[in-house]
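A.B. asks: One-letter residues, chain by chain:
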Amino acid sequence: DAGITQSPRYKITETGRQVTLMCHQTWSHSYMFWYRQDLGHGLRLIYYSAAADITDKGEVPDGYVVSRSKTENFPLTLESATRSQTSVYFCASSESKVTTNEKLFFGSGTQLSVL
Amino acid sequence: GIQVEQSPPDLILQEGANSTLRCNFSDSVNNLQWFHQNPWGQLINLFYIPSGTKQNGRLSATTVATERYSLLYISSSQTTDSGVYFCAVEGGNKLTFGTGTQLKVEL
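Chains A and B, in that order, give the protein sequences.
For the first sequence, position 19 (counting from the first letter as 1) is numbered 1064 according to the numbering used here, and the numbering increases by one without interruption.
For the second sequence, position 31 (counting from the first letter as 1) is numbered 598 according to the numbering used here, and the numbering increases by one without interruption.
Honestly, the hints are just simulated from the structure, not real lab data.
Glycine residues also receive a C-beta, built at the ideal position from the N, C-alpha and C atoms.
Please note that the accuracy of each hint is not assured.
A short list of chain B residues far from chain A (calculated; beta carbon distances all over 12 Å) [as the list claims (entries may be wrong)]:
id	residue
1	573
2	579
3	585
4	627
5	629
6	635
7	643
8	646
9	649
10	667
11	674
BS3-like mimics (lysine-lysine), calculated; alpha carbons at most 27 Å apart, straight line [stated by the list, open to error]:
id	chain 1	residue 1	chain 2	residue 2
12	B	621	A	1148
13	B	671	B	621
14	A	1056	A	1102
15	A	1102	A	1148
16	A	1115	A	1102
17	B	621	A	1056
Ranges of calculated distance between the beta carbons of each label pair, as one might list FRET restraints [unchecked claim]:
id	chain 1	residue 1	chain 2	residue 2	range
18	A	1086	B	595	31 to 39 Å
19	B	585	A	1099	40 to 48 Å
20	B	609	A	1096	22 to 30 Å
21	A	1133	B	621	24 to 32 Å
22	A	1057	B	640	15 to 23 Å
23	B	597	A	1054	32 to 40 Å
24	B	581	A	1096	44 to 52 Å
25	B	597	A	1156	27 to 35 Å
26	B	620	A	1099	29 to 37 Å
27	A	1083	B	569	15 to 23 Å
28	B	647	A	1058	42 to 50 Å
29	B	569	A	1055	28 to 36 Å
30	A	1099	B	609	27 to 35 Å
31	B	612	A	1114	25 to 33 Å
If we strip away everything but chain B, and leave its shape as in the complex, we get:
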């Protein structure tokens, strides 16, 4: 099946810093989504982005489908951005998740 790799696995930032999270996938896909899991376990859909670039406030995402990767940018990070960020790609009519990037934003 399709393989999804995320990097870095862990990241610690000072509040106000910017960061880039990466998702590599092994095959062409029709669907790619980014999720944030907050410290209480809730999974929130951030972006549906199989290609191109989207922005939502301080967050933006870019997917280069031909090169099989996606990037999630977090600007001016806040403590509320802490949690785990998952990339998920479609393969065989279901989403396959990466193992996530654990982000901690400190004051």
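One chain only, chain A, in its complex shape:
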């Protein structure tokens, strides 16, 4: 039971480059989420998706693009990376809306450094 996996685990890039972080889940969960974790801010929601081809902005979406062509995959793209996007990125999934009694499950995270 693989659960939810993220790749790569670590990534170093330069400002202005495009970077894609991958997220794959094997549970067939409808909802998927991208969070970034920074000191002093906890986890902040970037984007989320309720189903394939349905995505919506979270708290800090600027500079990020997402897609969800298949239920199991939810890639996050930084179109032109900036140093302020240096962070740890977590993908998460849940079976249905978080307004119901559904738990949220996280991947292991991607540590991204933008030089």
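Got chain A sorted already, so can you dock chain B onto it with the hints?
C.D. replies: Coordinates of chain B only, in the frame set by chain A:
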């Protein structure tokens, strides 16, 4: 949006001690969860507890929804309990996280 405050921000315990972590939130919620982030960064869901009390081994949680707070109790703490504990509450169909309590359990 909904505000989530956790206290204390940092806590150091001797192994075997008990502790209480608090989460205050600014509005009524349908979903509240507690997470533990271990020293390797992995986030683990501990409890889904929008109201009432739940227990899982040495950990228990109580949420008093009418007073907008939740408590996480850790009894007989062990070094493996070290890490950051996050409270997250539902607001606008998404979870909003507090900034966490950093716990260190020493021998």
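A.B. asks: All hints are to be evaluated individually against the structure, with a verdict given for each.
C.D. replies: The hints, checked one at a time:
1. The claim that residue 573 of chain B lies off the interface is violated: its Cβ sits roughly 8 Å from the closest Cβ of chain A, which falls inside the 12 Å cut-off.
2. Every CB of chain A lies more than 12 Å from the CB of residue 579 of chain B, the least distance being 19 Å, so the non-interface label holds.
3. With a least beta-carbon separation of about 25 Å from chain A, residue 585 of chain B lies farther than 12 Å from that chain, consistent with its non-interface assignment.
4. Distance check for residue 627 of chain B against chain A: the nearest CB is about 17 Å away, which clears 12 Å, and the non-interface claim stands.
5. Residue 629 of chain B, annotated as away from the interface, keeps every beta carbon of chain A farther than 12 Å; the closest lies near 17 Å.
6. The Cβ of residue 635 of chain B lies farther than 12 Å from every Cβ of chain A, with a closest approach of about 17 Å, so its non-interface assignment holds.
7. At roughly 25 Å from the closest C-beta of chain A, the C-beta of residue 643 of chain B stays outside 12 Å, upholding its exclusion from the interface.
8. Listed as a non-interface residue, residue 646 of chain B keeps its Cβ farther than 12 Å from every Cβ of chain A; the least gap is roughly 21 Å.
9. With a closest Cβ-Cβ approach of about 17 Å to chain A, residue 649 of chain B is found to remain outside the 12 Å limit, as its non-interface label requires.
10. With a minimum CB-CB distance of about 6 Å to chain A, residue 667 of chain B fails to clear the 12 Å threshold, and the non-interface call is violated.
11. With 12 Å as the threshold on Cβ separation, the claim that residue 674 of chain B sits away from chain A holds: the shortest Cβ distance comes to roughly 27 Å.
12. Restraint check for residue 621 of chain B and residue 1148 of chain A: the C-alpha separation of about 15 Å stays at or below 27 Å, so the hint holds.
13. The suggested pairing of residue 671 of chain B with residue 621 of chain B holds, with an alpha-carbon distance near 23 Å, which does not exceed 27 Å.
14. With a C-alpha separation of about 24 Å, the suggested pairing of residue 1056 of chain A with residue 1102 of chain A holds against the 27 Å cut-off.
15. Taking the CA atoms of residue 1102 of chain A and residue 1148 of chain A, the gap is near 20 Å; set against the 27 Å cutoff, the hint holds.
16. Between residue 1115 of chain A and residue 1102 of chain A the alpha-carbon distance is near 18 Å, which keeps this suggested pair within the 27 Å criterion.
17. A C-alpha spacing of about 39 Å is found between residue 621 of chain B and residue 1056 of chain A, which places the hinted pair above 27 Å, so the restraint is violated.
18. Checked against the hint of 31 to 39 Å, the C-beta distance between residue 1086 of chain A and residue 595 of chain B comes to roughly 24 Å, which is inconsistent with it.
19. For residue 585 of chain B and residue 1099 of chain A, the Cβ-Cβ distance of about 45 Å falls inside the hinted range of 40 to 48 Å, so the restraint holds.
20. Taking 22 to 30 Å as the suggested C-beta distance range, the pair residue 609 of chain B and residue 1096 of chain A conforms, at roughly 27 Å.
21. Restraint check, residue 1133 of chain A to residue 621 of chain B: a C-beta distance of roughly 28 Å satisfies the suggested window 24 to 32 Å.
22. Between residue 1057 of chain A and residue 640 of chain B the C-beta distance comes to about 41 Å, which lies outside the given range of 15 to 23 Å.
23. With their beta carbons about 34 Å apart, residue 597 of chain B and residue 1054 of chain A fall inside the hinted range of 32 to 40 Å.
24. Between residue 581 of chain B and residue 1096 of chain A the Cβ separation comes to about 48 Å, which falls inside the hinted range of 44 to 52 Å.
25. Between residue 597 of chain B and residue 1156 of chain A the Cβ separation comes to about 33 Å, which falls inside the hinted range of 27 to 35 Å.
26. Separated by about 36 Å at the C-beta atoms, residue 620 of chain B and residue 1099 of chain A satisfy the suggested range of 29 to 37 Å.
27. Between residue 1083 of chain A and residue 569 of chain B the CB atoms are about 19 Å apart, so this pair conforms to the stated range of 15 to 23 Å.
28. For residue 647 of chain B and residue 1058 of chain A, the hinted distance range of 42 to 50 Å is not satisfied, since their beta carbons lie about 34 Å from each other.
29. The beta-carbon spacing between residue 569 of chain B and residue 1055 of chain A, approximately 33 Å, falls within the hinted interval of 28 to 36 Å.
30. Taken as a hint, the range 27 to 35 Å holds for the pair residue 1099 of chain A and residue 609 of chain B, whose Cβ atoms sit roughly 28 Å apart.
31. Hint check: residue 612 of chain B to residue 1114 of chain A, Cβ distance near 27 Å, so the stated range 25 to 33 Å holds.
This entry does not satisfy hints 1, 10, 17, 18, 22, 28, going by the numbered hints stated previously.
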